[in-house]
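Reconstruct the complex from the two isolated chains, following the hints.
Here is what each chain is made of, one letter per residue.
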Amino acid sequence: MAISGNITLFYIIGILVLCNLGCREPFSPEISDFDQNILVVEGYIEVGGGTTQIHLSSTSSLYAGGDAGFVVPQAELTIRGEREGSWPLQQVGYGAYEVSDYLPEDQSYILSINLANGDSYRTDPISPMRSPEFDLSFTKEAGDVQVYANTRGDAQNQYFLWVFEETWMYRTPHISYYNYDETRGGMVMIDREDLTYLCWNFNRSRRIILESSARYEDNRIFQKELLTIDSLSEKLGIRYRINARQYVLDREAYVFWEGLRRNSDDIGSIFSPLPSAVSSNIYHTQNADIPVIGYISAGLSREKEMYIDREAVSPWRTVIADYQGCQIDTVSVAEYEEKFGRGNYVPLYEDCETFPCSGYFASTAGCTDCRLRGGTTTRPEDWQDD
Amino acid sequence: MTKFFLSGIFIFLSLTFQVFARQTDQERVSGIFSGLSFDRFAKMIEDQSAFRLYYLSEDVEGLVVNVNAYESLISDLLQEILSPAGIYFTIDSQHRIFLSKERPLSVNLRADFFNRQKQDDADSENTAGDAGSKNRNFSKNRLWEVGDGSTRPERANGTISGRVTSFESGEPIIGALVYTSGQEARSITDESGNYVITLPKGRHTLIFQNFGAYQEQRQINLSGDGRLDVAMDDNIISLSEVTVTSEKSANIERPEMGLANITVQSLKKLPAVLGEVDVLRAVLTLPGVKTVGEASAGFNVRGGAADQNLILYNEATVYNPTHLFGMFSAFNPDMIESVDLYKAGIPVQFGGRLSSVLDVKSKFGNKEKIQGGGGIGLMTSRMYVEGPLSANTSFAIGGRGTYSNWLFGFLDEDSEFRDSRASFHDLNLNFKHSPDPNNEFRLSAYWSQDAFRFDRDTSFNYQNLNINVGWTHYFNDKLEGHFHLGHDQYGFGILSEQDPLNAFRFGFAMDQSSWKNHFTYELSDKHRLSFGMNHLFYNLNPGKQTPQGPESIVLNERVNREKALESAFYIGDEFEVNPKLLINYGMRYVIYNYLGPNSINEYPFNSIRTEDTKTGESSYGAGEIINTYHGPEIRISARYAIDNFTSVKAGFNTMRQHLHMLTNTAAIAPTDTWKLSDPYLMPQTGRQFAIGYFKNFKNNVIETSAEVYYRNMQNLVDFRSGATLILNNDLEQDVLNTRGRAYGIELMAKKTQGKLNGWISYTYSRSLLQTNPEEWGEQVNSGKWYPSNFDQPHDIMLAGNFEFTKRINTSLNANYSTGRPITYPVAKFNYNGSERVFYSDRNAYRILDYFRVDLSFNIEGNHKIRKLAHASWSLGIYNILGRANPYSVYFSPVNGNIQGYQLSIFARPIPFVTYNFRF
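Protein sequence lines correspond, in order, to chains E and L.
Here full-length UniProt numbering is used: the first residue of the first sequence is 1, the next is one more, and so on.
Here full-length UniProt numbering is used: the first residue of the second sequence is 1, the next is one more, and so on.
Bound conformation, chain L alone (with noise of 0.2 Å):
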């Protein structure tokens, strides 16, 4: 029955396809065309009319447009036009204009294609879906009929849904623009590919625009609601096409704002510190984001902490994602498939954070064949293979460690670090199963280790691990859902045993478990619902003190255990309320309850807490509630295009944050433990006002745009001097309720294309803190405002790409931003027969200014697609200019006398060189 409905379809195509041909080129067009560029005749020529026109910009380069046309044929006003210039033009049954410089291009099939075409298509069975790779070309001009138009005849629209994917390696292909020309309608593909377009029945031309890469085209006869697939290139470096376009381009299109999206291709253009690509690198990259120095594993999005970024790897929650005190991140690059970073307009799923989400995703294995890599490096190795394990499950493994031990051995005999080691190791493992197009399962295990020591007696270590399961079900065209189980860990460790009476062991734990179930649901052309929950279970051993060998006389001790149930429930809708303005908004209302067993200590109420004023303490059971905290978060975003080129967007979001990290350094150490919200220690809230500004240049080859946000914080928490935070069951004696805002301004400017290409950005932004003037104990610069550790108001960022050739591309970097915020001593003073040195209000000075620049060559091997072997050189030089950026100025007594040092963190130019093969 299939076999010959198709076969029906094609003959009627046959039979139409030449009345076409014969129709479109005596269409007629008018108009005034004087002095003008052929690029904007062809856009004239666009708007006016069903024609679109694709031709190298190179063949009318120069070519003036001198005519006049009332009702010409417009194959006649082609013919003035171009037969001077030597182009000859072809005119196809979809409007379509092709010039060309040589030879016309024929648009006619051979004679027997339609004979072969329907034996391909007799071999499958998917009457909709791609026909596989051996007639990719046939692919774009076939038509395909989508939907019955025996079901629901009265309505005018169809929906189409489908999934595209990478035609090399079966891998989702994210963010492609899914549009048809002449209408409105658009859709961008999510994270697993999928699109939905509404466009109204009959006949199009969809087209499938990957950001970057190849674009797909599907004629289409739309009768009803139904499904298309589409397999794509994604890798394949394309020869540079020009199509004339007015269509608006994703920074323009998309109504989140203060979204970064990193590519791995751009992620791997960056200059590499020690050769290795680096995720957090790259986001450093990103205007609005910050880090206090070269060796801190934390980042800070807008003016907010360290610990108020959710970070993800597929979904699970990494708590220290760095290596060697955060010189590598512990992400394997070769794994990565992409890297998002909301800094504003966070999605209504996402939460538990106050700043920003890193969500990066991993490859779960393409489905065509086994590939593998790695490198081996004087410090660190790495390996991965991929690939399909049956005809419905793939797979992706790869693992990292390092041997770079050796090296300390070549410091000088007194070096205090001789005696140092330092090893890191992680494994990531994935699958991904899907016995049929409506059910994906996934099963993703992350686990990553360092251990180091300073010296022959005290070793340190910490390790995440994280698995998780998940599950996409397609319950219809319009209903998804997504369903998460998964359990994150997190600990670290120290071991000192520099004297048997002394030696102790001290450890610090924390595990998650996480339940979500997130939807997706197309209510109508104009909405589309995102509804779910989110549950996470937080079980904290906030600290353990045990007694090493047999001899020791240290105590056991440990700090209470936490637990703490986090709910929250949201819904959200992104609303097309026209085709210029689309607003995202949403709600999630967050439950946090504190549990036991555990035992809270008692004060009066309205009092400083000390010791002095502890009046009791109380005991709870094990699952009984201790206290509950609540309240809504607001998700909006809306976009408002003012033409194809232009948007405004604006947002207002606020967040709850009931894990926070307890650090007193200004960088993230990895000793930093985390601890829950209790009675006393409130809820970080916060919330954030931002509006931009899009517009794009030159057919969307430059992006700029400019936003200007604002943030207020409440219950942050910093300490009273000399607060002890680890072994501490007492925290609460100690902390200092404190609030804080931040503002900016980030403009950005973008090429997309083009031998040279990168950004440049400047950020103008403060971040400030103030102690809560209720507060009872200290008051941090007597209650003044004072800048956070990581205030650091200018920023300037180049990255720049320049392609010498298809074959040697260079990129350079630079940076440039005010010194961060640092207490510097202002007077001096004896004291226990030693001098010493008074502070000046906290953060009252500046350490010198940053600048850094890094140069990186890429000289790639030649491109055939298909060979026996690969090779690639990367070569460059990190901090080109070899200035030593001061990391931290400090000053120490020196034989009784005060000495300041700076300390830099890569002082000098780092030279690297990889070497790439692949076969």
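Chain E with its partners taken away, still in its complex shape (with noise of 0.2 Å):
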């Protein structure tokens, strides 16, 4: 018997193979113009006394500049109950339409939209659901802070849709409580109410999150994550607040942003799925294939607020990036001119530490005016302290 064998040593550069699962860079494909505008129709038809908004907006070329879509300006927006009731909405802004007339639950409704170039579009008829409460919790984990929503929907209320507006306080490292004044060439103290070192600052849900209960027991969803806020992250530095509001969805609807939600979030990783068409239950009523973005929903909504301070998630660091160089530096008599009046020092106090007092502690306005980061320092009319 003969002994024979082979060993085969391979040498690879295993690192570049592992860029396999990486390997994107930023691409622009040439699209031939399309010029076709489509209409988008946004928004929700509360029942039982709420405010129904509805916004329209137009597509626009995927390299056009700035904002995506155009106001559609002038347009007849109607409500057209099944049994009884016809609610003309009233424009409210660029493409928003409002109504707050009571609407009764129990009968199916129908939107029209009649556009100011004749063009027409009316809804398939929405029969109104009314959502299930919820309530809000969240958890911390390896230093993230989780947020949750937790319902319980049945068998005819199985797909929820969720969004959501935050709201937190930030503050700024220094703060300035005089102002220079460049005729005088003295300082003005600044009054308590007019100070920049707090603000608060908002944003929106942007990520379409939908679940159905069907998939649980009892239909209970049990903690949903809406959002994670990340560690360090400015939002829970004070007090942070969550304002979600829950939608009931019928099937058709929930495929809709279904579809929206995978091609926004699923598209182009190795396994991903192929981009959906996705269905609307709005129509031209002319001519069926003039295409219309968007689907319209009736119910009643539900909406939780929930409150988290810095204490309830505590130890919590906030870094704020902005923030990071501030120092504070002292500005003589002599230099506030120079420094105060053309550089973009701002006076924090007045430097007393020897007697007598020698001048102004100062650092920048990027480092005392929380605005300058998008905040306002205006209390929201809601805002609860606790």
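One should not assume that every hint holds.
One side only, chain E facing chain L, incomplete, derived with CB under 7 Å [to be verified]:
| hint | residue |
| --- | --- |
| 1 | Ser28 |
| 2 | Val40 |
| 3 | Ser57 |
| 4 | Asn201 |
| 5 | Ser205 |
| 6 | Ile208 |
| 7 | Arg215 |
| 8 | Phe222 |
| 9 | Ser276 |
Away from chain E, derived, C-beta distances all over 12 Å, residues of chain L [said to hold, decoys possible]:
| hint | residue |
| --- | --- |
| 10 | Asp47 |
| 11 | Thr90 |
| 12 | Glu102 |
| 13 | Arg442 |
| 14 | Asn502 |
| 15 | Lys516 |
| 16 | Glu617 |
| 17 | Ala622 |
| 18 | Tyr824 |
| 19 | Arg836 |
| 20 | Tyr901 |
What the hints contain is simulated information worked out from the structure, not anything from laboratory work.
Note that CB positions come from ideal geometry on N, CA and C, so glycine has one too.
So this is what it looks like as structure tokens:
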């Protein structure tokens, strides 16, 4: 018996191979001009006394600068009840239409849209669905905070959609108590209510958050994640509020939202599904081939609010990148004009460490004015302190 | 008695030998040979006489023949032509003329030669068998008596059957051509190395030509039906020999078209991606075979979907033929014996898929000695051992595994794949037992497993498991039977433990049990029948979700188990109408029964099927037939040989498929599930017309072919937008009945020999789909025809090998193809707080064209056959141009703005070096 063997040694640049899962680069394919402006309808017919809001816009070219979507001006929108009633919507802003009347819960509705250019659209009859109550909760795990919705569907109400708005407070590292008055060459104390060290900032959900309760025991949805607040986030630095709204959808609406979600979140990785054609329940009245984007549902939505204080998630360390380089300088009286007048320094408070006071402590506007980061110093109307 | 008889033959032989030798050089030839090359002259001589000339082309290079002959002695003629060039010639009794440069060849044997041979023959009980290794040269020149002249003396012909095996390994040699000069009859050895040839009784020189390898020959005296087994070299690199021949080569001769055979040698010459020789990558170099991207598990044959390929490994169906997201094929390259891909002209014994059959056969061990091999790499290791267990039993075992996990640790701290883990293993075990020449038993077992996870809490695994036993029995010289019993399993599972309350386990599993019997029967000289039946019992667990852990509130959910029995009965005939026309025709009748227990939703006849239109459910008990589909499949292919170097082939076949892969991704994902045909999901059917023209040049050194095909397909499976494919018990509500058509032309030129060899092919093909106009649900692209995901019209493939020396050769692969279709976003809009995109019609655009060049060098050690150590290096670069071929283009909102991305799989040159040694 002959002994024989074979040992093969492969030498490969293995790390290069692993880039296979991540070799992506920005790319802008040439898309032949798509000159149709497709009507986009977004909104929810709120029955039982809530406010119905419908937004009209249109698609824009993929590479058009600025925000997507042109506003569609001057349209007439009407909600008609299947059994009774007709409610015209009032224009309340560019492309925004509203009605706050009481719409009975026990009939179907049709939304019709007449554009200024003569095109008219209408929806299929929509039966209202009443959302069950829900609540919000959060957990802290591995340094991050997850915020969840919890609800319970039933055999009729199985598909849920959530949207939310966040509001949080943040603080600048330094406080400017004075303004430099160039004409007088002196300092003016700022009124307490005009100080700019404390802001509220806002955000709204961008992801499409959907769940079907049919998967779960007793149709109970437990801890559906709405968002994750990453560790070091400024959102939990002082006090945070999430205001979420829960809608219940019928199956077709769920298919629409799921298609939209997949087309946004799921496309392009190795095993992603193909883009879905997204259905709609809105049709052009003369030509059914003209596409429309959007799906209008009706019903009674639920709203919930939850505050999270820094203490509830402590220890919570906040790092705001914009404030990383913030330092305090001292500016002597002789330098006022140069530093506060022409430079971008702002006075904090008087430097009286030696007597007599030798000048002012100073920092930059970026480190003292929280509004420069997009927040507002105006306290939101419904904000509750603890 | 036998010994005595044998001695008689040799005495007779030794007497006649002299006579022949004297007679042959006295034969006379005529003709005007003016200004001819020696090659041309030699061909003319061979055409008009029984002489065959053997010489090295270098010896006669530049030699011009200028003679007129009228009834001249062949010896005089040759003397006149050759002596000025200093070439000697020798003529033997078989009308063979050997030319040599230095000195004349001796065709006489040593005086004691036959005495020694008699002794050896006395040791061997098999009168017609091969005398063994010691006297191989003798075997060529000895006269073999075949058949018993006393039985059926009235017949003019005798049929020789036998088996051609490798001298080195004892394995059968497949596809060797068996022929004799001056006769049209020829045979090609089948997958067991068997051949059958019918010749007029009398003396013949049987030639066994294994393409790309050695040639063996046997002098026979045929007096009736008999048997002759031959062992021949299969892998010694022979010095290039040139024989003047007018024989047709296999591509001209074989009736099948659209058949591609990949030898293990050519497989090993293709540049490897990660240093692994890979069957599926080799298949992709063939014309008409495409893939949607480099990390895709599937391949597409002639415009068909990836689930339309039947992938057989030793007759077992492999449902997922890849490891690691498609980067490696699941077949251990060390274990592979042969790879055949049928694109058209699918033999009648195969069925069940619409597009192709990939028939991979592995080794069952050689009978001579224990051998082994293996490999150790950065990411994978493999090992195999084969050899005899006893005189009649051999085995082969091979396995592979990875330990690639450590590589993930090198990734960036924040890479999303840092917590990824991936591993795979496969194991293949084969046994063969041949108690006597008429029986052969085989056992083959195959197991492969993959496991990976992308993050800490979600893991994924899949596995193939196949086991089968086979028995081949030679009832007599004419009838042989194959019996096969097998069980195949495939399944995958997902485990998610991210959150104890939502933790779940999802599983998909399918298994099939098969019983096949296949017979071939030599009805007459002109008819060779194949017939048999296949039975497949499918048992699918299409999806099951269970809560994981005590806290989980996930529901237990399962899609109803599916069972079905698919039976096929077939008969085919290879009918040689005359030497020019060969027709292979057959029919397969398939009966498919969808079986209970199951419950089927009911809908009003001729209505859209949705949750709302559902009228009820009907339940079926175990074993109850829910519904039946049946129908014939027709297979016809014909070859007409215009001359020895030219043939035209045409084929028509129809196919049926009852098993569908549910996928709505472009690539085959490992999470794709399968579904059986049910009352609503009709079997996919397809038909293909193909015609081809084959012509060889330069004595078959250059093979060219042109094939044209047209296919249409019905009842393909597509889905409504937003369909959920897993855990869907009402899948009929989401299915869109789709039809397809595909057509194309494949042009190929191949140089089979020489320092520079390889092939170049060009394919133009289209693959189009249309939602069935009768479909009530959605009409994709408003009911218009649209390109399928794998519609890549232009495709050019170059595979070249250049041998610098016998020890150094280099190979280059270049592949260009049109980019695959893709659905692009064409506009953007705001919805729910973010920019979203509006997509074009399905597959209205294409990604950038694909172009890749790979290069590799193989450096061999010296070529002594028997020595202690054998070493070789192979090194190369995959994607040497570093072109970032896009796999996909997608758009995603980033901070509320749309950004396009292009995703590439192997975007950089990937070098590899392999060191092999064997002892």
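Open item on the list: Using Cβ atoms and 12 Å as the threshold, tell me whether Arg836 (chain L) really stays out of contact range of chain E.
Closed with: Violated, since 6 Å does not exceed 12 Å.
Task: Minimum Cβ distance from Glu617 (chain L) to chain E greater than 12 Å, as the annotation requires - done: 17 Å, holds
TODO: Mind checking the CB of Ile208 (chain E) against every CB in chain L and telling me if the closest is under 7 Å?
DONE: Ile208 (chain E) check passes; min Cβ-Cβ to chain L is 6 Å, inside 7 Å.
Open item on the list: Tell me if the interface restraint on Asn201 (chain E) is satisfied: Cβ within less than 7 Å of some Cβ in chain L.
Closed with: 15 Å, violated
Open item on the list: The output says Tyr901 (chain L) does not contact chain E. Does that hold with a beta carbon cutoff of 12 Å?
Closed with: 5 Å, violated
Task: Restraint outcome when Ser28 (chain E) is required to lie within 7 Å of chain L by C-beta distance - done: Given a least distance of 5 Å, the restraint on Ser28 (chain E) holds.
Task: Ala622 (chain L) remote from chain E - nearest C-beta pair above 12 Å - done: 28 Å, holds
Open item on the list: Tell me if the interface restraint on Arg215 (chain E) is satisfied: Cβ within less than 7 Å of some Cβ in chain L.
Closed with: Since chain L brings a Cβ to about 6 Å from Arg215 (chain E), closer than 7 Å, the hint holds.
Task: Non-interface label on Asp47 (chain L), tested against every C-beta of chain E at 12 Å - done: At roughly 48 Å from the nearest Cβ of chain E, Asp47 (chain L) sits farther out than 12 Å, so the non-interface label holds.
Open item on the list: Next item in the hint list is Val40 (chain E). Is there a CB on chain L closer than 7 Å to its CB?
Closed with: Holds - the Cβ of Val40 (chain E) comes within 7 Å of chain L, reaching about 5 Å at its closest.
TODO: Confirm or reject the statement that Arg442 (chain L) sits farther than 12 Å, beta carbon to beta carbon, from all of chain E.
DONE: The assertion about Arg442 (chain L) holds, with a minimum of 23 Å to chain E.
TODO: Please confirm whether Glu102 (chain L) is truly not at the interface, meaning its C-beta sits more than 12 Å away from all C-beta atoms of chain E.
DONE: The assertion about Glu102 (chain L) holds, with a minimum of 36 Å to chain E.
Of the numbered hints stated above, those contradicted by the structure are hints 4, 14, 18, 19, 20, listed in ascending order.
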